[in-house]
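Asks: Protein sequence lines correspond, in order, to chains G and E. According to this note's numbering, numbering within the first sequence proceeds without interruption in unit steps and concludes at 358. According to this note's numbering, numbering within the second sequence proceeds without interruption in unit steps and concludes at 288.
It is worth saying that the hints were derived from the structure and are not from the lab. Built from N, CA and C at the ideal position, the CB exists for glycine as well. Any given hint could be a false lead.
Unchecked claim - For each label pair, taking beta carbons as the anchor points, the in silico distance ranges come out as:
# : chain 1 : residue 1 : chain 2 : residue 2 : range
1 : E       : L86       : G       : S135      : 27 to 37 Å
2 : G       : S135      : E       : P207      : 36 to 46 Å
3 : E       : L202      : G       : A108      : 20 to 30 Å
4 : E       : A75       : G       : A107      : 33 to 43 Å
5 : G       : G39       : E       : V17       : 40 to 50 Å
What the hints assert, rightly or not - Straight-line distance between alpha carbons at most 25 Å, and here's what the computed DMTMM-like set of lysine to aspartate or glutamate pairs gives:
#  : chain 1 : residue 1 : chain 2 : residue 2
6  : G       : K101      : E       : D237
7  : G       : K153      : E       : D38
8  : G       : K130      : E       : E187
9  : G       : K153      : E       : E184
10 : G       : K130      : E       : E195
11 : G       : K103      : E       : D149
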Amino acid sequence: MASIEIANVRKDFGAVPVLKGVDLSIASGEFAVLVGPSGCGKSTLLRLIAGLEDASSGDVHIDGRRVNDLPPRDRDIAMVFQSYALYPHMNVRDNMAYSLKLKRTPAARIAEAVGGAAAKLGLEALAGRKPRELSGGQRQRVAMGRAIVRNPKAFLFDEPLSNLDARMREQMRFEIRKLHRDLGATSVYVTHDQIEAMTMADRIVAMNAGIIQQVGTPLELYDDPANMFVAGFIGSPAMNFLDARARRGEHGIAITVGGTAFCTLPQSLSLPEDGHVKIGIRPERIRIGASGGEGVDAAVDMVETTGAASVAHLDLAGQPLKVFTTERLQFAQGQRVPLAFDTGHVCLFDGASGDRLR
Amino acid sequence: MLEPYLYSAPALLLITVTTLVPIVIGISYAFRSVMLLDPTSGGFVGLDNFRDLMNDASFWNALRNTVTWTASCVAFQFVFGLILALMLNRPFPGRSIIQPIVFLPWAIPTFLIGMNWSWLLNPAIGPLPHWAYALGLMSTPGNILSDPDYALLGPVIAGIWWGMPFFAITLLAALQSIPREIYEAAEIDGASSFERFRSITLPFLAPTMVVTVMLRTIWVANSPELIVVMTKGGPADASQIVASYVFTQAYQGLNFGYASAIATALVVLLLIYALLLLSIRQMMLRAR
Chain G
1 MASIEIANVR KDFGAVPVLK GVDLSIASGE FAVLVGPSGC GKSTLLRLIA
51 GLEDASSGDV HIDGRRVNDL PPRDRDIAMV FQSYALYPHM NVRDNMAYSL
101 KLKRTPAARI AEAVGGAAAK LGLEALAGRK PRELSGGQRQ RVAMGRAIVR
151 NPKAFLFDEP LSNLDARMRE QMRFEIRKLH RDLGATSVYV THDQIEAMTM
201 ADRIVAMNAG IIQQVGTPLE LYDDPANMFV AGFIGSPAMN FLDARARRGE
251 HGIAITVGGT AFCTLPQSLS LPEDGHVKIG IRPERIRIGA SGGEGVDAAV
301 DMVETTGAAS VAHLDLAGQP LKVFTTERLQ FAQGQRVPLA FDTGHVCLFD
351 GASGDRLR
Chain E
1 MLEPYLYSAP ALLLITVTTL VPIVIGISYA FRSVMLLDPT SGGFVGLDNF
51 RDLMNDASFW NALRNTVTWT ASCVAFQFVF GLILALMLNR PFPGRSIIQP
101 IVFLPWAIPT FLIGMNWSWL LNPAIGPLPH WAYALGLMST PGNILSDPDY
151 ALLGPVIAGI WWGMPFFAIT LLAALQSIPR EIYEAAEIDG ASSFERFRSI
201 TLPFLAPTMV VTVMLRTIWV ANSPELIVVM TKGGPADASQ IVASYVFTQA
251 YQGLNFGYAS AIATALVVLL LIYALLLLSI RQMMLRAR
């Protein structure tokens, strides 16, 4: 178990900068999830920690030791790949034992470690099978078993669930989390799926365009996003963003959307010079048809129902707005409905930069 | 009832006409006496040709030479081809230029290669004997093609040069089909580069290796061109292989019946070899 420190790490592929100065520290025993859209640099960052890529500049420390110049095998880390990367000609037992055999571990110790990992992952009955005789979920378990037997300083996961179907993904999510609870090992987990990030992480590291956007617990990112990228990336259905104007008045900041008053926000918030802002509000923080709102109404465009919940697609002064509710909604297209929300749930962003205004 | 046979009839007919009929006719010559200069020949002689073959010292000599020729050609082609493939599999500046050059010998007609190498080995026009002499490998800058002890070496060198790219191309294709993550997983697991080669590259390449070695062996064993062009099997049959012996018997001895018997014997031997290798491959694939 070890901490991981990343200090001002840059990585260029040729002329293309992929990581533009990343600072991150992951505490010992923490489950950190790197999340972001494809091409944001999250996998590159993970591969830098693993030693599969070299940093163009900056330092990587594992357990207080600078590892920039150490090859992967001397870093004492284990990695689980999206494609599982099992050795196809070895059976499950040999796949898990491979790293220990390379370290010339006594056979009895290997049998013990492999047996223990297999029991933990429910793989005992499959020990003699080849990877091609296994399902995707079983292969991913073997890949995790291969990581566990080494008892490494840190686990690295590179989108390990992306090749699984939705049901399997949900189950493995739970199992990886449980495994982390049992082993308590430092883990860095890369995914593009914000649900995985929300449900699994102790801390989420949201990345975009080679830069860390925000680091925090899942609920910190959800409730208090640092910018429009984080606000829009975390949460499903995604946060609503509306183009708005902000003007400082006597009783607070008056927000207007499409010329009509939307809400009034506290004076303490800073504002851009031109008053051009974006307001963000999560779909489940808006209620339809309730009184006591600020007198905002919108036209219904369409309602989607999953059974457990409904999403109403509305039109507010020409801008789309989603409302998420567990109530069953029945509206005609074009019907105007009153909206209610708590202004405490409205986030204000700079219209130009997308940064949060506080 | 007839329908399935009608569906397969065109394919069967094509195979019969283009493959089976020529084979049967060719093999039938082996049981007849076909002398090109003797118009009365052509009669059925039973196993006479094969009986002669058993007692033909030249045939046994050619068979020994065939084994030497084929084994040394294929072995060195394979080893050099594998080294080339491994080198070309990693990126380096200029790879896109080097790669086609490496594959070039494969595109050159064998006859041209034979002529080219016999000139290179000829001290009157070629530099190689003089270099070998300067390095102390030869006592005089002579022509190995006219030395009974070394004559076979000439075509073998030319054959290695010619056949290397075949292995390089096929093994490179197989190398490139190995997922990169498996190497990365092994690297993280602590495997050194030799260990990665032993436990990942080799098992992945093995089925391709078996098939290419088999194809190449049959091919090389059946190719008399380099020997015919460079030594004509000589001096004094010193570099005669079975395939060139067939050629000699047919077109110099004009004894087609006997030549067919030799060819039939070669086919039987190669079939046994191929079946052996294919069953090894099946075993390997099942073990995977």
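Asks: Quickly compare the C-alpha distance for G/K130 and E/E187 to 25 Å and report which way the hint goes.
Replies: Holds, because 21 Å separates the two Cα atoms, which is no more than 25 Å.
Asks: Does the alpha-carbon distance linking G/K153 and E/E184 stay inside the 25 Å limit?
Replies: holds (18 Å)
Asks: Does 33 to 43 Å hold as the CB distance between E/A75 and G/A107, or does it fail?
Replies: Holds - the Cβ-Cβ distance for E/A75 and G/A107, about 37 Å, lies within 33 to 43 Å.
Asks: For G/K103 and E/D149, compute the direct alpha-carbon distance and say whether it is at most 25 Å.
Replies: At roughly 51 Å apart (the allowed maximum being 25 Å), E/D149 and G/K103 break the hint.
Asks: Take the C-beta atom of G/G39 and the C-beta atom of E/V17, compute their distance, and say whether it sits inside 40 to 50 Å.
Replies: This hint is violated: roughly 58 Å between Cβ atoms.
Asks: Can the restraint linking G/K130 and E/E195 be considered satisfied, given a maximum Cα separation of 25 Å?
Replies: holds (20 Å)
Asks: Honestly, do G/S135 and E/P207 meet the 36 to 46 Å range at C-beta?
Replies: violated (25 Å)
Asks: Given the hint of 20 to 30 Å, check if E/L202 and G/A108 actually sit that far apart at their C-beta atoms.
Replies: Given about 28 Å between the Cβ atoms, the range holds.
Asks: Does E/D237 lie within 25 Å of G/K101 when you go C-alpha to C-alpha?
Replies: violated (55 Å)
Asks: Is G/K153 close enough to E/D38, meaning Cα to Cα at most 25 Å?
Replies: With a Cα-Cα distance of about 87 Å, the restraint between G/K153 and E/D38 is violated, given a limit of 25 Å.
Asks: Are E/L86 and G/S135 spaced within 27 to 37 Å by their CB atoms?
Replies: Because 34 Å falls inside the window, the suggested range holds.
When each numbered hint is compared with the structure, violations occur for hints 2, 5, 6, 7, 11.
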